[in-house]
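**Q** Residues per chain, in single letters:
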Amino acid sequence: MTLPLLSCLVFAPWAGAVVLTLLRRAGPAAVRGIALAFSLSTLALAAIALGAFEPSRTSMQLVERHSWISALNVHYHLGMDGLSLVLVLLTGIIAPAALLASWRITRGIRLFAALLLLLQGAALGVFLALDFFHWFLFWELSLIPAFFLIKLWGGAGAARAAYQFVIYTIGGSAFMLLGFAALYGATGTLDFVQLAQLAADGLVDQRLAALGGAWPHVVFLGVLLGLAVKVPLFPFHTWLPPAYAEAPTGASMFLTGVLSKMGVYGFLRILWPIFPAPLQAAAPVLLWLALAGVVLGAFAALRQTDLKRMVAYSSLNHLSYCLLALFAVAQAAGSAAPTGEAATAALSGTVLQLFNHGLSAAALFHCVGVLEARSAGRRGLDDFGGVRTAAPVFAGLAGITMFSSLGLPGLNGFVGEFLIFRGVFGLAPWAAALACLGLLVTALFLLTFWQRVFHGPRAGAAAGDFSDLRGVELAPLIPLVVLMGVLGVAPQLLIRLFNPLVTAWAGHPVVP
Amino acid sequence: MTTAFIIIAAATLGTATVAMVLRNLIHSALLLIASWAGIGAFYLWAGAEFVAFAQVLVYVGAISMVVLFAVLLTRHSRSEFAVAPDSLGRILGGLLASGATLGVLIGAVLSTPLLAPATPARGITVRELGGELMGPHAAALLILGVLLTVALLGAVVIAASERGPVPRPPPPPVAVQPPARRA
Amino acid sequence: MNLPVAQLWLIPALPLLAAGIGALTPRGGRRLAATVAIGALALSFLLSVGALITALADPAAHLVHNFDWFELGSGTLRLGWVLDPLTAFMAVMVTFVGLLIFIFSTGYLRADANFTRFFCFLSLFAAAMLGLVIANSLLLLFICWELVGLASYLLIGFWFHKPAAAAAAKKAFITTRIGDLGLLLGMVWLYDSTGSLLFFDGGAGVLEPAALDALAAQATIGGLAISTAIGLLIFCGAVGKSGQFPLHVWLPDAMEGPTPVSALIHAATMVAAGVFLVARVYPLMIADQPLAHVPVHALTVVAAVGAVTALLGAVIAIGQYDIKRILAFSTVSQLGYMMLALGVGSWVAAIFHLLTHAFFKALLFLAAGSVIDAAHHEQDLRHLGGLRGPMRITFATFAIGTMALAGVPFLFSGFWSKEGILHAAHGWDVSPLPLYAGLVAVVLTAFYMTRLVAEVFHGTARGEGAAHAKESPPTMTIPLLILAGCAIALGFLGTPAWPWLQARLEGRTEIHGHSLLEGGGLMALSILLVALGIGAGWALYGRRTRTRAAAVDPLAARIPRIFSALTDRLWFDELYAATVGRLSDGTARLADLLDRHVWDGTIRFLSGLGLFAGFVNRDADEDVLNGGFDAGSAGLRRGGQAYSRRQTGDAHGYLRVVAISFVVLVMVIMLGGGQ
Amino acid sequence: MSFGPLQLCLLFSSALFCVGLMGALSRSNAILVLLGIELMLNAANINFIAFWRYGPEPSPATGVIFVIFAIAIAAAEAAVGLALVIAIYRHQRNIRLQEADTLKG
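Residue numbers (my numbering), protein chains in the order written: chain V, 1 to 512; chain B, 1001 to 1183; chain H, 2001 to 2675; chain A, 3001 to 3105.
Please keep in mind that the hints were generated in silico from the structure rather than gathered at the bench.
Just the calculated beta-carbon pair ranges, DEER-fashion:
#1 B:V1021 <-> A:I3073: 26 to 34 Å
#2 V:I144 <-> B:G1130: 45 to 53 Å
#3 A:I3073 <-> B:P1113: 27 to 35 Å
#4 V:A52 <-> H:P2209: 43 to 51 Å
Which residues of chain H face chain B? A partial, calculated answer using Cβ under 7 Å:
#5 R2656
#6 A2659
#7 I2660
#8 V2663
#9 V2666
We treat Cβ as the ideally placed atom computed from N, Cα and C, and that holds for glycine.
Let the sequences and hints guide you as you build the complete structure.
**A** As structure tokens, then:
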């Protein structure tokens, strides 16, 4: 029997959390070291998985499948394909970075690190689980540590934001649970692979229709709602700005870098393969919503004066590109026009954008966190000025991050956005044209941020003693910035992992 | 056969009832021991010899001792074995509730058609019982062992008198030498 | 000395390397940073010359080297570079002008604390610009296009502690990005229609007949051919980058950057990239020419925009007081000329003018920089004056640049290239308007340049800075002299009598010259107009020079309202602020309001409904979701208190309840026929 | 109406259960309450044995095993319960159950 690599991946962070819980006497330095080691385990194990992974195979790999609750036909089923691998790698990068960004936290560092590790394990579980039963467990478990991270270490409005975040997402998940309960009643299985196969044979719709009445719609809408809240899809996003803004920096980084990807992952792994026909029917409306997220998200960001809220809205804007591409592909799936190339480009762009947004948004949150740390928690657009004079290295790295976020060619953000635009244009040209507005406004608000905070004479919190980045503050930023540059020049490094997969999806949109 | 049962039942119930009514705790405890012995006799009558032995060992032998110790440990003076009379309301409530329970239980038993088997099940030998316990029920037996250990430890911890940390003797007075002044 | 096309990447790679080294050089390493940057660019220049020799060996060929960038579906996305005379001339021009400006910068920025960073950004710009020039893929071109935009942003905002510089940098980036989005859309459309973005790919490229025929054959919205629509979208990018009307507003503001930057980026190279882009995709732009049913040809739009811009820039330049802004509007106007030339069908005339303009405009900016540096950063011509005496070299070179720009006949390169454009416009059979616009602009150009020279160099010094001005050091004057030489000499490569450059650009090896007397009427007219402009300028400004800074401008005295409108740049900025700016602000406000109240409110309303159904709650005042949540917990707490009152702690009571419940349960089962 | 041995046993256990219940409900002395509960447990054991022996589907050993486990657990319960009684006594100097109501709401 070989090593159950994926189980190790999922449970190593949790083991770290348990270890931290047991070590009551450990000092802060030891706690940080242990937490970082367990957090880095994901990256190490993902590297091993990368070695064992064959990109050319489009089916699930490194599968672990054991009977768990035979009475309910529930299996412990883990598996990895290109999409999962990319997101696992992202988690492996963002989680240690988030921990490093929280290095200076002194209050309750042990609990903080343990919660962050719990969150990491739950996110990995979501990306690797292939049975709804424990997938949903991981999905919901991710909320609990996030709630406590926001509430206990957050800013002034943290309690309210945390409650809103949890209630909103649990509300969405409840509908999803209802949907899956009905789906289980109709098909008798909760295994994603089996469900996708059934859907490919057209049996899911048939059996749901056998439930009669409005059930097929209820099931689809329930699952859709659960995922839409998580991503979030416009207009289910109102929990996001307060939650991201009030969370402590490390948690914001993880929330936007990894947790926000869970929703899009759910769309790709669940909604699209299992409900292709209803999704196609709903796609025109959803396309408008995603477009609204792109454009109005960017405009709303333009209006914010709280830097964290601004970055939070930019997350909404960037993730809406992914959904835009996805819905455009779903809408065109059944049409006769030869859309294969465009669909491939759109889906490649989506996966790339997931990864790229994780890098740049997490780095942006870290930058705002550094500003906060330097100014006793201020993060208003007008609270700073001339930071570039005071802290040139910080300004340089933050600048690269922002340009990556606004899609400057040569940095990572561009390739994903280009592919999304190329794909969406081939499938829904007017949507691509309107979404351009989002690109423009993104540049506008990020440059406004840059100009007001970094340029001009030194003012506000930057007028006094404002030191440049030191030691551990550089640690999370440098790897992220280096990756931005590398992936901007050589996106092939990442694309090769999922290109065969998305090509297969684009051919006949059924996963896996 | 039935006569033996009726005698056993009557003795058991009688001793139990009286034990529940008496005011003297020591008497109550002794009567209960008799009642438990009666139940042991019932087990013998029913052909469960091993259970009967267990009943006698555990209840008549062990629990009775614990009860007596508890009674002895929880009195104020040497002679105070009698408890204060209980309030009438409580007694009436207890009687009512237990009477009603008895009523529905008897009603339930009588109204249920119970199919008597052709032959009573044969008895079980101690060897067979041992095999059962160490075979299919080995895990439960182990857990039970753990439970008993934990209960024992817990009982000790709960019952042990909480003795605070031994107060330290006050430190010997240190002779403080005033700094020598050089004039 | 030949450079094979496969090694063409070295040309941008060397400055890129220099930029990397410059980024890592500490502030103290000024000499190292400058040496590396200049050395790398000098090598690139030599390589470019080698590339030019290779290209001229067979001017009709497009030598390409394509490679895979990443997998996409079953195929790959390919990039590549191309070597043809257009690329080679541009590369030589960029590296040569760039080299001189680099050398000039070592003198101009000798006192700046961020000297090393300046050379890092300059090298980055040179790398991106050269990458743009050699690109054989619209995608690679777009990538470099954005990177030159980035470098421009960084360099305009080089003195970022000045709020005006920071604002100008942002304005430049955003305004050009508006055009870039058009380019992006055109690019994805092109990709979607042809499946490739390579210009030349052995018959499969987008600029080769197969793809062009397909593009021209299909119609799209409004009866346009796809090639027209794509061409117009690509032209949007050129409009933004080259400061064409209506996106010209960023270019004058970009003068907030250091003067060498204005010379290199905002006069010679980057702003000309739009012209280069249209010239590069020219086969696409003219693909719809044979189609009579198309409502508007792409090139007609180009010509119209170019004509309007040429006129507009020249008109506004008349009313400016800042040396660099006058030159900036002049650049706008000249770029309009180039677009006009492209639009009327003569891309070689446009490229010829691009090349000559690069030299003489760089010369003008550097000479202006020399003046500004000598006059202690005084840029307002009302406070200058009388610099002819102390700054002889600067004056002489500035005068040569002025004459080249104004189109003083025969000796100066600007004359020949401008003649080419006017000639082409004359031959355009769609409309005579571009020709008229060009001719009017000739007068205006001569007029405002004469005004500039008269105000700055003649008369008496009217400010502290000008009074103490001394000639600049040799690091600055030597590049001026070299550029002045080129501003004269370059014209002789493309005279109508011996149009060597035009022939090579068009891929011909033989040269068909013709007598200067052919079309001599037009030439005579334009010479007359130049004389008119110079004469009018001299009459107004040269005969009686300004004596004090506060004196009213002679032209303003005659036409005060028009002149103040020109000084205010015809209120374009105000217009945009009132329309586009307002609209964007309003949309942002709306999006924010929608978010805070409508969407959030809806959700709160729904959750409120749910709570209302659960338990009536009168205290949900502040906001429904959270207030409701609080009230919900309060309700739970009250219920809990009620229940906890039942927790009497009386074990008998509990047991009694259990017993009675048991009795009730059994009775229910028995009486309810539970068996 | 004649009673089979099963009915007899069940009636016996019911009666014993109710005696225990009565004691547990009406006495205020904690030790007696515990003893009442022990009686109720014993009544349940009697039922197990009765069904094992005379039940409709006699089975080899299940009832016996169950009773053995129940006795063991009852022993544990008695030990812990009486220890609690002693702890209560130490705390409030008597063992009147109605006074041990510190946990009331």
